[in-house]
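Visitor: For the protein sequence lines, the chains are S and R, in the order given. To convert, note that position 259 of the first sequence is 259 in my numbering; the numbers rise steadily by one, no gaps. To convert, note that position 218 of the second sequence is 218 in my numbering; the numbers rise steadily by one, no gaps.
One should not assume that every hint holds.
[Said to hold, decoys possible] Short derived list, chain S residues pointing at chain R, Cβ under 8 Å:
1. 16
2. 17
3. 35
4. 56
5. 69
6. 102
7. 106
8. 129
9. 130
10. 214
11. 255
12. 256
13. 269
14. 278
No lab work stands behind these hints, which were simulated from the structure alone. Glycine included, C-beta positions come from ideal geometry on N, C-alpha and C.
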Amino acid sequence: MKAILDFLTLIDRRVIYSVLIFSIIIPLFLKPSLPTRPTQEVIGAYNAVESLKDGDVLLISTDYGPSAYPELQPVYEVVLEQAFKKNVKVLLMTHWQFQGLIVGVSGIEKIAKKLDKKYGEDYLILGFKPGAVGVMVGLSEDFRNVFPNDYYGKPIDSYPIYKDIVGDDDVLNYKDIDLLFGFEAGATGDFWVQIVQARYGVKMAFSVTAVMAPGYFPYYQAKQVVGIVGGLKGAFDYESLAKKKGLASLIMVSQIPAHTIILLFILLGNVGFIIRRIVK
Amino acid sequence: MQTQIPVITTFISGILIMALFFIPRDPFTQIEQLTTRWYIIISGFALLLGIDSLILYHWRKIRRGDKDRIYSLILIISFFIALIWGIWAWYKYGGPFVQNSSYLWLFQNIYLPLDATMFSLLAFFIASAAYRAFRARNLESTLLLISAAIVMMGRVPFGGVIFVPFFFAFSILTGVYFLYIATRYVGLGSILRFFVGLLFIFLGISLFFPEFSKIISQFIPSLSDWIMQYPNNAGQRAINLGLILGSIAFSLRIIFGIERGYIR
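Throw the hints in and build the complete structure from the sequences for me.
Guide: Okay, structure coming up:
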């Protein structure tokens with residue numbers, strides 16, 4: 001009896017790791033087609049991008065790095081495709097230094113090349129500036145205060161896209177932004193809501209990592225954000241709404257056995273724990 | 001003087017920034033834009049300060065001959081390779097992350113997998129930690145366990161179907177446990193535990209009926225959404241309010257010079 005209880009309650013962590021790794025890897029080769037039921041938050045984010053019209057301006061903030069790549073990059077690429085297909089002007093910036101730049105720049109260049117969009121006419125990479133909250137407040141007056149030059153070092157007002165976006169006042173600020181889509185793996189998402197949405201009323205949606213998603217639900221319920229795409233499940237839902245089979249659809253397959261295995265180990269541990277308490 | 005000047009500067013800056021935030025009129029908006037630019041510039045210097053302290057920290061470890069100095073050496077070498085390579089890529093391709101840049105290759109093939117691997121390891125640690133820590137020790141931890149299981153399975157396709165056998169096993173187990181511990185209590189405590197045990201066993205047995213198990217499996221995703229939208233939101237709001245009130249209190253202590261830890 002003791003041996004059985006020990007087996008149930010003291011499983012070696014290497015056994016857990018091994019079972020988990022196989023449960024993640026094997027399904028990747030199966031590539032089944034999975035059903036999904038997108039949540040209201042994801043539908044809200046999708047509809048916000050879908051509702052943009054020709055000439056509208058989408059500000060994207062890629063505040064994440066490679067660690068959040070599998071959860072956020074699929075949504076980022078689908079959002080870009082949606083926007084470019086509708087001839088929406090896209091502005092890209094980041095608060096995440098080189099990490100946000102690499103995922104942001106490589107993603108937008110890949111999709112722009114695919115859809116034959118031109119830099120400076122259809123999209124503009126503003127780049128990175130340190131100071132998160134300071135940057136957000138600075139953008140409220142004039143984007144040129146914070147980003148006088150773009151990522152390639154040329155003045156942002158020298159591009160045709162700038163002239164297309166700004167009105168007669170020749171100033172680019174939050175009034176010109178029709179939607180802000182934040183891809184967040186840190187605290188900057190909260191700042192976007194608390195500073196930019198609360199003070200300037202900018203319409204915004206977010207794609208966030210699974211661990212951060214619960215923290216964003218109060219913003220959604222308070223209608224401060226129009227949509228949240230949370231974690232891999234959210235990314236998978238977003239791809240299914242856009243009728244695309246991208247990275248999220250591919251790796252979602254692994255999440256089913258991974259969650260099941262974790263739950264199975266928890267159950268085994270509890271079986272041993274409860275029997276041990278009864279036996280005592 | 002060494003303490004008075006920073007405290008006075010902090011007081012004036014703190015009060016001014018608060019006033020700027022709540023008065024969106026000129027000249028306050030102009031002053032806000034000016035202070036914002038200062039803030040961005042200072043943040044830039046903070047980055048340099050961070051690099052300086054990182055390099056110095058690891059350089060000292062190498063000079064002292066610490067046991068794990070090899071990692072410090074790798075860090076410093078990697079730092080300078082990345083720096084020099086980045087500058088060179090800027091010169092040659094017009095930017096380190098533009099298409100076809102060799103620096104982009106470095107990031108996509110070395111940094112990206114390394115960073116993703118580090119983060120992925122969390123899944124294994126979480127699995128191991130969940131197995132060890134998630135125990136139905138009392139009613140609160142049992143509720144946490146059940147809600148965590150519902151959210152986990154509600155977030156994957158077919159989660160509802162997979163959840164049913166788990167729910168059956170857990171219900172029977174918890175039911176038996178509650179019936180057993182009911183014998184250790186007297187009066188109302190015993191009656192309560194007896195009925196909770198019966199309820200769990202009833203739930204478990206009811207899953208033998210296909211109609212009921214079908215309802216449960218279809219209900220799980222909606223229940224997962226409900227947990228996220230209501231109990232989760234209530235908890236998050238409470239945490240946020242606590243955090244914000246704490247931040248305000250701490251900020252006021254700094255502004256009024258009660259908290260002076262930043263001077264040391």
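Visitor: For every hint, state whether the structure bears it out.
Guide: Okay, the hints, checked on the actual structure:
no., hint, in the structure
1, 16, "5 Å, holds"
2, 17, "5 Å, holds"
3, 35, "6 Å, holds"
4, 56, "26 Å, violated"
5, 69, "6 Å, holds"
6, 102, "5 Å, holds"
7, 106, "6 Å, holds"
8, 129, "6 Å, holds"
9, 130, "4 Å, holds"
10, 214, "5 Å, holds"
11, 255, "5 Å, holds"
12, 256, "5 Å, holds"
13, 269, "5 Å, holds"
14, 278, "5 Å, holds"
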